[in-house]
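A.B. asks: What follows is the residue order along each chain.
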Amino acid sequence: MKNMKRPHFVGLIKKTGLAVIASTFLLAAPIAQADIKPAVVYDTAGKNDKSFNEAVYVNGVMKFMNDTGIAVTELEPTNEAMMEQSLKKFAQRGYSPVIAVGFTMANAVAAAAAEYPDTQFTIIDGVVDAPNVQNVLFKEHEGSFLVGIMAAMASNSGTVGFVGGMDIPLISRFECGYKQGVAHHDSSMNVLAQMTGSTPAAWGNPTKGGEITRSQVENGADVVYAAAGGTGIGVYQTAADMGVLAIGVDSNQNYMQPGTMLTSMYKKVGLAAYESFAAAADGSWAGGFKINGVAEDGVGAAMDEYNADLVSADMLAAVNAARAGIIDGSIVVHDYMSDNSCPL
Amino acid sequence: MTRERRLSWINGLLLPFLNVLTAFIATAIVFILIGVDPIKATKILIYGALGYDEGLGYTLYYATNFVFTGLAVAVAFHAGLFNIGGEGQAYVGGLGTALVALYLNPALSAWIVIPLAISGGLLFGALWAIIPAYLQAYRGSHIVITTIMFNFLASALMVYVLVNVLREVGEMSPESADFIKASWLPFVHDVFASFGYKIAKSPLNLSILVALFFSGLVWFFLWHTRWGFAIRAVGKSNDAAVYGGINPKKIIIITMCISGALAGLVGINELMGVQHRLFLNFNYGYGFGGIAVALMGRNHPVGILIAAFLFGILYQGGAELDFELQNVSRDIVVVMQGLVILFCGGLEYLYRPILIRFLAPIEATE
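So the protein sequences, as listed, match chains A and B.
Be aware that the first sequence starts at 649, since it is given in our numbering, and climbs by one per residue.
Be aware that the second sequence starts at 222, since it is given in our numbering, and climbs by one per residue.
Hint data in this document are derived by calculation from the structure and do not stem from the laboratory.
Beta carbons are placed, not taken as given, at the ideal position from N, Cα and C, and that holds for glycine.
There may be inaccurate statements among the hints.
[To be verified] Over 10 angstroms on every C-beta distance to chain B, these chain A residues come out as not near it, computed from the model:
#: 1; residue: Asn707
#: 2; residue: Leu723
#: 3; residue: Thr752
#: 4; residue: Ser805
#: 5; residue: Thr807
#: 6; residue: His832
#: 7; residue: Thr908
#: 8; residue: Trp933
#: 9; residue: Lys938
#: 10; residue: Ala943
#: 11; residue: Ala961
#: 12; residue: Asp962
#: 13; residue: Gly977
#: 14; residue: Asn988
[Said to hold, decoys possible] Using 25 angstroms as the maximum straight-line C-alpha spacing, the simulated PhoX-like pairs for lysine-lysine come out as follows:
#: 15; chain 1: B; residue 1: Lys471; chain 2: A; residue 2: Lys685
#: 16; chain 1: B; residue 1: Lys470; chain 2: B; residue 2: Lys457
#: 17; chain 1: B; residue 1: Lys422; chain 2: A; residue 2: Lys685
#: 18; chain 1: A; residue 1: Lys695; chain 2: A; residue 2: Lys685
#: 19; chain 1: B; residue 1: Lys457; chain 2: B; residue 2: Lys471
#: 20; chain 1: A; residue 1: Lys856; chain 2: A; residue 2: Lys698
[Claimed, not checked] Residues of chain A placed beyond 12 angstroms of chain B at every Cβ, according to the derived structure:
#: 21; residue: Lys695
#: 22; residue: Ala719
#: 23; residue: Thr847
#: 24; residue: Gly868
#: 25; residue: Ile939
#: 26; residue: Ile975
#: 27; residue: Met985
#: 28; residue: Cys990
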């Protein structure tokens, strides 16, 4: 009997080797519940895109690995076929949850989730209707509303600017929220809005971002809000060069041009990824929608030591009042994507 | 063995083999430098590409694209034309396929829709090549310059069409609606399943048969028809062709149309076969890869099939490496593919003088 058991045991070690070793070491760690094998598939921009994917990588994946010691396997696909292939392969090898980053992954996630109904998939910014898919969405219009109020209060010229990335409904949602915020403070103000381009290349074109900013400033704008991924770097640089204020996006980017960054509209994508991993680890992961608005603190206006000098007490009070209004329902920010229009 | 025969063995087999070997040695050095065991990496690559049915399916699926673009480049080569616009022709060809597959009556039978959608790809690919061909034939603009510029034009055109015309309201990604079901080419795993064999799901679809069919057609066309002869004659010697009563201008137009049409078939595999919708950059890299495939395959359909298979292995095996080894990023995979293109394309005659000197020296005439 002993002889029969031994090889079985050896086989078991081989099979679950890593997991066994990992869990022995992690028994004392704070989050060391179920053995999860998390994975993440970025979109084709790659994890070092200085923007959306990188936020997931730095604030989600890296942070989770550091906090728990659980390894997160990553993949950066190079083409459309590889997205689906890698999601399915992760599922097939028992990885769960598998996080897909960005709306471009929606088709691939739908296919993989149908084939592997026991795997937990999380898609950030996309919508896939399946019981084993968690859709993480953000109310970007609410966060943009708050920074719109700040822009309107900081402006002396009565004109503010908006630089979008790719011309898609999602970015129009930022734009529309921002315009509503500006109008909330002073409906006579003028908003100059432009998109950088109509393809994903528009997320990484700082030169063009700078050009658009320059033309907006020349037309009177003295606060420019960029919702354009990596293109924003050019916007902030040009704003600093021309002595006007800029507003960052996605991560807290206040540190990038201290002194001219009024605030950043943060969108906690990294935290969303982190929470999805953590929920899978403690067994509370559930499919469906996870919508992060101002009330959930998923979006908002970033305040830190870099912009403390630029934000007046009045501004802070106005933002806090608007935040409270959004949470209690007295202020309703129109969502562009609900009807593809922006009534002002 | 006569010297002629030995030379053809050297050019056709030994040289490509040595080039690939050199590329692999260079890759192994790169792997050692980044701390990856090259033996282990090779094992993963080969197993991932050929070792199990799903991997093999992906390999053949990638290879199908390279067969189309490889044939496209090869046909043009035979007329002495360097068509580097395969990327753009494939892209616009995909639009032709998509227009048929989107707007035809969904009630029609697949037997009508599929041939029409394939024709759409052929037609649009050919149309995209005809302008550079005209400029080369009648205006003397060099085909290399015009075709590469047409790649950019194709990219701009497709962005416009996808963003402003084909994208559905409320959709984020610049992509079309789903094609009508009748235009979907069956997956190979579904075909096998209908005969009772179960194989793993992969994107491999029946367009591989289309690729084999066109390989045979290109072979027959180039070596067994008058037009094929005329194309090769123009490629070998323009003046001799004129002397033989061939109009090179007409041949340039015909050749480029055929070349563009073949490149336009990439959409058959990518769009009708797998994704069932039109989206940005589905053609990414296949047009340029086709140049390497044609060079390595010595512009012969058999050689192209083999070279396309090798590129399929590199694509799928590379994806597998990226998946299995955390310190191999997708950029290393591109480096690996680049080295193969460098040694098989750019430096293809590196070993030729040495080989000829030792294996087929010029014999003294008596």
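A.B. asks: When the hints from earlier in the document are held up against this structure, which numbers fail?
C.D. replies: 2, 3, 14, 15, 21, 22, 23, 27
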